[in-house]
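Enquirer: Single-letter residue listing:
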Amino acid sequence: MAQFKLPANSRVKPGKDHGGAKDAPNKREFQVYRYDPATGENPSVDQYSIDMDECGPMVLDALITIKNEIDPTLSFRRSCREGICGSCAMNIDGTNTLACLKPVEEVKGPVRIYPLPHMPVVRDLVPDLTNFYAQYASVKPWLEAKTPPPPDRERLQSKEDQEKINDPSACILCACCSTSCPSYWWNSDRYLGPAALLQAYRWIVDSRDESTGDRLDALEDPFRLYRCHTILNCTKACPKDLNPGKAIAEIKKMMTDRQH
Amino acid sequence: MDRADRPLSPHVFIYRWQITNTLSILHRVTGVALSVGLLVFVWWLVSLAGGAADYAQSLEFIGATWFKLPLIGWAFCFFYHFANGIRHLFWDVGAGFEHHQIQMSGWLVVVAAVIATLLFALLVII
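Heads up: the protein sequence lines correspond to chains A and B, in order.
With my numbering applied, the first sequence covers 1 to 260.
With my numbering applied, the second sequence covers 1 to 126.
These are computed hints drawn from the structure, not numbers from a lab.
Incorrect hints may have been included.
[Said to hold, decoys possible] Not the full set, but computed from the structure, chain B residues with beta-carbon under 8 Å of chain A: (1) R6; (2) L8; (3) Q18; (4) D92.
Note that CB positions come from ideal geometry on N, CA and C, so glycine has one too.
Work the whole structure out from these sequences, hints included.
Expert: Here is the structure:
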């Protein structure tokens, strides 16, 4: 059920202003969600000022500057800083994206940064992705085939067949799409969400996979697949420009096609 | 600490209202409004079957000047829900999922609903 109001322990309180480059000519304000499990206090939104002349162009650069120069307690995930690893997924200026791919310049006014929406928060900008990964595992993201591969080479597929899985295989599991989806917010316990469904699709359409029927059976459920109401926040959010919304529509089409 | 005690990150009130989620919630809201409107519509039909006296009574209510406003509201709900329903039919056959198509079809639906409502209001209601 849709629960719009945050639970009592999750309501965001006003935070503190950590200062920073208050007098720099090219300064930007950053309002960052903070939560410290050690204090047991409610989350807050803290403020930092960054001199953009002394900082790289991306939101991740600004977060690293905050951590290095103003407040070492700020926690966030990051690794590759070039949109390959998916670690720095967060809500920036109201939409989910990778901090390393989001230029500060694209944001007007103070840069508001929250963890991925409607997720349990481990600390600051670090969400607990346990359920998200379990849902990914539940779609059996591996090749299932009874026919043994040719003894002298790998399983081949045509160029056309490869192109079907090319895009969905590029998913980095950053969770931007799933956590942008209102339907996933309200039903993440039973609805798989766009990321897991995009990966389900990736194996359903794989010409080498022999479990297509079983895979579709597993999704034939009022919640797992059909909580998708084609809102399409997922497709809009994907920082890799993939199309989970379309993939889910294709799965739904296959569900009806196989009934005839 | 216990995993269950973790706070829930903010969601609907911090997420940007984009064309995607805005039109989706509008579809839901207009659908609910139409369900209510259907009750009024059925009440009007029943009064029609009930004879001249009944009908005169319902007409007094539905024909009142102040009632034009909810009628126009329901007209918009109908046209928007109808047009966006067609948009959903395209999605159901796997078409219209590119970024520019989502944007364009969304605005098309809104503009069509507004124009249809204006025409309906001018020609029928007022």
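Enquirer: Against this structure, judge whether each hint is valid.
Expert: Now for the hints, and whether the structure bears them out:
1. R6: Constraint on B:R6 satisfied, holds at 4 Å.
2. L8: The hint holds - B:L8 has a Cβ within 8 Å of chain A, the shortest such distance being about 4 Å.
3. Q18: 6 Å, holds
4. D92: 7 Å, holds
The structure is consistent with each of the numbered hints, conforming to all of them.
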